[in-house]
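Asker: Whole structure, please, built from the sequences with the hints as guidance.
Number of protein chains: 4
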Amino acid sequence: MSGLFRSRLAKGFDDRAARFHTSVAEDLRIFEDDIDGTEAHDIMLHEQGVIPLDALRLILSALEEIRAEWRQGEAEVGPEFEDIHEYIEARVIGKVGVEAGGMMHTGRSRNDQVMVDVRLRVREDLLEAAERVLDLVAALMDQAERHSETLMMLYTHGQHAQVGTFAHYLTAYADALLRDFQRLMECYARVNRNPLGAGPAGGTSFDIDRGRTAELLGFDGLVENSIDATSGRDWAVEAAAVCAILMSGLSRAAADLITWSTAEFGYVELADEYASSSSILPQKKNPSTLELIRGKAGEASGALAELLTMVKGVSSGYYQDLQGTKPPLWRCLDAVNASLEVMAGVVSTLSVNEERMREVAEGSPAVAVDLAEGLVEAGGLSFREAYRLVAALAKEALDGGLGLRDLKPADVAEASLRVLGKRIEVDEAFIEDATDPRSSLLRRRSRGSPNPREAERMIVERRRRLKEHMALLEGRRSAVEAAKERLRKAVEGYLSG
Amino acid sequence: MSGLFRSRLAKGFDDRAARFHTSVAEDLRIFEDDIDGTEAHDIMLHEQGVIPLDALRLILSALEEIRAEWRQGEAEVGPEFEDIHEYIEARVIGKVGVEAGGMMHTGRSRNDQVMVDVRLRVREDLLEAAERVLDLVAALMDQAERHSETLMMLYTHGQHAQVGTFAHYLTAYADALLRDFQRLMECYARVNRNPLGAGPAGGTSFDIDRGRTAELLGFDGLVENSIDATSGRDWAVEAAAVCAILMSGLSRAAADLITWSTAEFGYVELADEYASSSSILPQKKNPSTLELIRGKAGEASGALAELLTMVKGVSSGYYQDLQGTKPPLWRCLDAVNASLEVMAGVVSTLSVNEERMREVAEGSPAVAVDLAEGLVEAGGLSFREAYRLVAALAKEALDGGLGLRDLKPADVAEASLRVLGKRIEVDEAFIEDATDPRSSLLRRRSRGSPNPREAERMIVERRRRLKEHMALLEGRRSAVEAAKERLRKAVEGYLSG
Amino acid sequence: MSGLFRSRLAKGFDDRAARFHTSVAEDLRIFEDDIDGTEAHDIMLHEQGVIPLDALRLILSALEEIRAEWRQGEAEVGPEFEDIHEYIEARVIGKVGVEAGGMMHTGRSRNDQVMVDVRLRVREDLLEAAERVLDLVAALMDQAERHSETLMMLYTHGQHAQVGTFAHYLTAYADALLRDFQRLMECYARVNRNPLGAGPAGGTSFDIDRGRTAELLGFDGLVENSIDATSGRDWAVEAAAVCAILMSGLSRAAADLITWSTAEFGYVELADEYASSSSILPQKKNPSTLELIRGKAGEASGALAELLTMVKGVSSGYYQDLQGTKPPLWRCLDAVNASLEVMAGVVSTLSVNEERMREVAEGSPAVAVDLAEGLVEAGGLSFREAYRLVAALAKEALDGGLGLRDLKPADVAEASLRVLGKRIEVDEAFIEDATDPRSSLLRRRSRGSPNPREAERMIVERRRRLKEHMALLEGRRSAVEAAKERLRKAVEGYLSG
Amino acid sequence: MSGLFRSRLAKGFDDRAARFHTSVAEDLRIFEDDIDGTEAHDIMLHEQGVIPLDALRLILSALEEIRAEWRQGEAEVGPEFEDIHEYIEARVIGKVGVEAGGMMHTGRSRNDQVMVDVRLRVREDLLEAAERVLDLVAALMDQAERHSETLMMLYTHGQHAQVGTFAHYLTAYADALLRDFQRLMECYARVNRNPLGAGPAGGTSFDIDRGRTAELLGFDGLVENSIDATSGRDWAVEAAAVCAILMSGLSRAAADLITWSTAEFGYVELADEYASSSSILPQKKNPSTLELIRGKAGEASGALAELLTMVKGVSSGYYQDLQGTKPPLWRCLDAVNASLEVMAGVVSTLSVNEERMREVAEGSPAVAVDLAEGLVEAGGLSFREAYRLVAALAKEALDGGLGLRDLKPADVAEASLRVLGKRIEVDEAFIEDATDPRSSLLRRRSRGSPNPREAERMIVERRRRLKEHMALLEGRRSAVEAAKERLRKAVEGYLSG
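In order, the protein sequence lines correspond to chains R, Y, U and L.
Numbered according to the numbering used here, the first sequence spans residues 1 to 497.
Numbered according to the numbering used here, the second sequence spans residues 1 to 497.
Numbered according to the numbering used here, the third sequence spans residues 1 to 497.
Numbered according to the numbering used here, the fourth sequence spans residues 1 to 497.
There may be inaccurate statements among the hints.
The list cannot tell twin chains apart, which means a pair is met if one copy fits it or any two copies do.
To be verified - Subject to a maximum C-alpha distance of 16 Å in a straight line, what follows is the list of computed EDC-like cross-link-like pairs (lysine to aspartate or glutamate):
id : residue 1 : residue 2
1  : LYS95     : GLU65
2  : LYS489    : GLU215
3  : LYS11     : GLU124
4  : LYS395    : GLU269
5  : LYS467    : ASP142
6  : LYS11     : GLU269
7  : LYS408    : ASP427
8  : LYS11     : GLU396
9  : LYS484    : GLU124
10 : LYS408    : ASP433
11 : LYS408    : GLU432
12 : LYS11     : ASP272
13 : LYS11     : GLU273
14 : LYS11     : ASP399
15 : LYS395    : GLU414
Hints were generated in silico from the structure; no laboratory data involved.
Values in this document were obtained by computation on a predicted structure and should not be read as measured data.
Answerer: Right, here's the structure in full:
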């Protein structure tokens, strides 16, 4: 270790301890965030009269040099540094000396510094995720529009349940994703707050202005209490939880599409760009993209479990345990963003075998519930009576290798007498209509049902919501961009001034 | 199994399969919710002309009888029932016959029925948790008020970091809890929506009014898409995640208080009502209440992991896997509510040993950062220079068995020359002031610091927020109560009418 | 709380704290184990001269009375007791007075007492699980024997991979379960050791004989170090891990069978005794038993996560956090035992649609790999060349709506020239043979392949292993039973003596 | 993607899908294992007459060149490759052409290939972990030897429980680690088996010899069934579980040492090489190494949860979900190995403040249990009576600011009369002896107690076991090394032949 902060200790780290300690690998993700945070802090320090103009200029110029080195891939941050914070400070001091460079962290600790960096980064990742969620919803709605009349079996327990449409199925996932969007934005509101100025745990005697750094960094307010600001990680666990919930939903959609890609179902086929083949089985076309997405639900859940176990029972005030919260956070945010992106591609390019879907629907006993509902009205039965009657009819038909469409009025009359003790008379037209999947679909009247009219209404409504959400997201993004611009201009002002 | 729904199958359940299947134990929690949901559904059915008045009356009277049996502990729901839904329907039909009783689930499946029940119940649990959060915040603020000047060491890495106050510590947890409150209410908004009317997966052809059942049950809107309504469990996982995050925070506060209850720290002592003793060690007074709370963080995390694993990759549409989502949900909501209640008791009755806290603060080298900050101003040093100087002084003092308060101006002058190559002159008054924990505390100027003036301001502000939140919560509760009253009156109207 | 152990504290538990504290509910499972443990301890104490004969007799008679009350359902253990240990001691003292009854826990603490009880119980549960594993393996082998020639598609990525047999599939799960058996028995060896005599944390000055209690209780040795004996929970976490791994395997087999129960696959049908129907869809036959098993994989994983989170970072020596380790342990052991039992029933009673399986196999392009392997020999190609050639042939055939069986020698010749730059000549017989699923199966030569001869050999070998394992298990059980008998006789001896 | 295996598909991967798919990053860890596995496979193929000598030589020479490139850091494996398997095959074909190079994977799929590689690697990691466990046990025993008479308080609930020794504490962790060693070796036995020859799922028609590749690669047997060999992941989950259990134990030891490093306890001090300081608090010496270890318990638990969630419910046969099992496996094996290494360093270099430990022990009421035990004998009381008497005495003493050592015979006589209704007479010598921590320690007679004689016996016995385990481990290592040597020689033989 370079030892910038080890004046108190007689010996350097043991080599193995140094490798064990360093967080340099996971810190690379917050390299520029760290520079931004320091620039904002130091500008504020100067504005408040804590550090002089010339020192500020030296620090800012050194930081901008380091940023340039980083962008050109020239920053060499080895494990001899505990973290990038030590690296950057050592490098600034190396460039401009300890008199000026030594001022850069006046009134500040690594504890609030790291919290700033991580929050700045997670903020970006959450906004990206929110945008990708909306992109995926848009892709779902595009497919849904094409398939609002595409008959498809709805399943429960993997068994034929009711006739529906592919559009209706897609809309269900759009709705779940819109809740994910809400959760992302609500989490964002707790993440995008300024911890800077909390000191190691109890603030500082320098006359700092926390509101000013919040403004320069685009934070929407403070994490006020200094212990809370440095020690709290609930917001990070929440971000992971939001990711895990989102991925859990995606894993279910992926499972559906994987099953529907089997030869036996044959409902959908992934575009070649999203499928893989086999090293030994030349005929294979594997929906491996979806399999990976399903697996990544485990990655996000695992990251969440890691965070919860890590944080559990850790006393207040920063402990090094919490250093370990960064990697799982990066991991689950990455899993979410990559999965959403790929899923949108899969959905947009998916081939749908409408004919196969219709064929299954038409041969299915799933119209039984429609028949039962019809019998309530036609036969004056209570639903449970109609249910019993249809169950008996279904059992006999299936045992005889027939479908419900093959029923005759006499079957109904005879079975009702046997099962319910009363004779129910219906005509052939009734049976034909009640067991036709398309007319059964058109008879659905409840709000939110797969009736194509309802599906179309819902698509329109989701598109409207998409627009609203996009605007909300745009607003958040602009606020962040405006702050970045403000900071950049301030830095340039001092450097050129 | 009683076999109400097994008309299709030739044989009853195998005994072992029946015991394996039944969810009766976990369903008891939603017994009355199930009755409420059915009453609302059937009233709507009647209003819509789907079922006649006399049938409605019979059903409602049977349901009210069953409710009364339940309240008197007379409902015997054995494992021969798959669940309480089957029990209640069988009992209604037993009481009023299948012609009327068989109408009670017209246009409805167990899938949307269960979702109604669970959402009604989780809604109550979330409101209770939200209220207990506010109670605990209130208890924290009461203690904080008493201790806004109680010097206490702030720790990082378990080591003395900075001087603070006990009030400041308590406020940190109040702030974390206020975020838990937000999460609970945001989750509530997604939970308190009406899934009723979704049918098994694809709605119904009966002319139902989903808005009306929402109104009668106090839901704030619909879970519109019928697949989403029956198949989605993100809201349940979210509720568990909110619980796990909350418990994770409590576990850290519990860990602090457990450590501070040791003889070695001696900062606090639990009231006898919240401590236990030993079966073999007569002198023991154990902070076991806090230990249980810390352990329950594991319970909530485990419940969340259970839900995420369970839901992962399950295809859309109801699968019996999802039956297993109820027990972990109950478990973590119970863990949260019990823990919050007991924690508020612990906090309210806690003895604080102010003298011991002050004694530790006064003997501590934690004023080093204050000394360093003072030297920046007094000695014209950059912070990193001052840090190095103080680190050297601290090392020497500690090695010599002395405290920082024992430093002499000459020590500073000599060490600065050696370490920084420049001689820094300060007087005794400077050292005395800079190393006095109380004046160091009073010099803290940053917003959110433990400076007593800042602590007092924050307490006032948190009390204001408490009031606002209480009002918000009250609003939610009133809306729910009003709906219950509406439903009760409607039922009574039909029964007496 | 009854307050047996609260002499030191001035006040009783707060009511809420008492409810929060009590572990009575989860303790009922170890009620008799607790009696056994105490009897063994007290007999040893008497043998060592620590307690007199008359006291021993009084204690033993009281304990046997309490055991009888318990068996008759007359023990009323309310939440006023911290746990059943307090209940039983209070009841013994109530029956025989504190002079004699007060001796029952001489040289012993609740910490080692609870560990004895839980280990005795988990030992039984592990043996039960081990036995059920072997039962399930036997059921798998019975089915496998019937299906060693039943052609079935093997899938990778859900796509047709290679032709296999149903027996081969079943054997794969038998093999996995035999590893579960090993893990259960290895865990058993760590569980079945005696912690008694460890005292609260540091032993006792009474002249106890830990080997003797081990003998009376059937433990295979000591958990020697007294801190380790009372504070370690690795064995409990391990038991949960073994359960979670086992359930994870079952969940995969369940997923296969659920998919194969769909109308679209139609490979298998559960017996009615293991299926459920629907409350609204009369035609349904749901493989709900398997869905529950799959879900219970979440239950076991969650229990493991709970334990790991709970135990993490808890300082050494008993902490009340660890009280919470019992419920997840019970939960996952129950999940395993119930799931194994039901799974064996499902497997034994499963209908297999051999015709449908064969039909799918015969129409499948999965013989492509067999064709490629054949071309290596027949055409003198390297495998990668043959692979490329077959991939091209497969693509063309599939694009043209044909199967591989429709290939002509000319197609091969032409494609090989185009793809590999060399002309490969094969005759019709070659193609016919290479693309026939049954002959392809018979050509498999590798050890462990689905070649029926290999399958039969493997079944015989597994049956042999089953017998060995059964004997091993029987040995463990007898040792435990012998110890129980020893203890019972000793108790009777004292009571009648 | 390079597309080696995509002949069947018309289009390449979408760019985003390619980045999403590639496992190149996590595969680097198995680069050489992959080469070893292929060499063994191809040598066997040649020995069996499946591939000719000249092709074998070309392949082996290409593989050795690639190995050399890799070792010199010259292998450039970009995300255009799905994985390193594709990279290596493409590179071999590039070097020696498809006629020879295309033979390298004859009779083999990526599914069994990857399983070989991962098992070879995990085997090494497990052996390394086992060795580090023994190293840490040795370090614990060395410290224990120095401290077999070092009085130290034993805690339960964080409160003083009984007097013990530091050696006794250290031995408790040694014993737990020896169980970890067992688990590692038992897991090893399931890991170190040969899956090669399983083909994609159902074996191959080439005349391969699976026993021969097992021999060349040092596997102790086969994973026989071809579905089990390619699809099972229980052994990987088990490895993670073993890691998580081990880390859970380390986290508890770390928590103890962190608490004991506080100024308030002052029992131990980490060597500077294992401590860190602060960027702002110059006086700090943080036990951050231990904090990281504690945090890494979360990393291992999270990896296990990830694996369990990922694997849950995935149908049999390889699915791409399972690709995701590698990273968590690497992560938790690394966490274990790094943590064990650093922990051994911490333990070896730890400063123990014996004086502070003794001082706490001497001032403690923890001798109460010793006093109670003494009174059983001296006063003829039952233990519960003695407990009550001492509890009353302890309460009075503590309330009066006194210790138990200040008790007078009259106090005992008076309290016994009041509490028990009988007057117990003891003399001053009895009290002095009973309340002296050192004599209390020497009176402990139970096996496994902290009595120094017992501690010394246990240390000797653990050292003996260490030796045995070391020999066992050495045996495993030699077998692996011998196989490696065998393979290397065989390769050299062909290349030079």
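Asker: Work down the list of hints and note, for each, if the structure agrees.
Answerer: Outcome of the hint check:
no.: 1; hint: LYS95 / GLU65; in the structure: within (9 Å within a copy, 45 Å between copies)
no.: 2; hint: LYS489 / GLU215; in the structure: within (13 Å within a copy, 54 Å between copies)
no.: 3; hint: LYS11 / GLU124; in the structure: neither (40 Å within a copy, 33 Å between copies)
no.: 4; hint: LYS395 / GLU269; in the structure: between (34 Å within a copy, 15 Å between copies)
no.: 5; hint: LYS467 / ASP142; in the structure: within (14 Å within a copy, 46 Å between copies)
no.: 6; hint: LYS11 / GLU269; in the structure: between (63 Å within a copy, 14 Å between copies)
no.: 7; hint: LYS408 / ASP427; in the structure: within (8 Å within a copy, 55 Å between copies)
no.: 8; hint: LYS11 / GLU396; in the structure: between (86 Å within a copy, 15 Å between copies)
no.: 9; hint: LYS484 / GLU124; in the structure: within (12 Å within a copy, 44 Å between copies)
no.: 10; hint: LYS408 / ASP433; in the structure: within (13 Å within a copy, 48 Å between copies)
no.: 11; hint: LYS408 / GLU432; in the structure: within (9 Å within a copy, 47 Å between copies)
no.: 12; hint: LYS11 / ASP272; in the structure: between (59 Å within a copy, 6 Å between copies)
no.: 13; hint: LYS11 / GLU273; in the structure: between (56 Å within a copy, 6 Å between copies)
no.: 14; hint: LYS11 / ASP399; in the structure: between (84 Å within a copy, 15 Å between copies)
no.: 15; hint: LYS395 / GLU414; in the structure: within (14 Å within a copy, 54 Å between copies)
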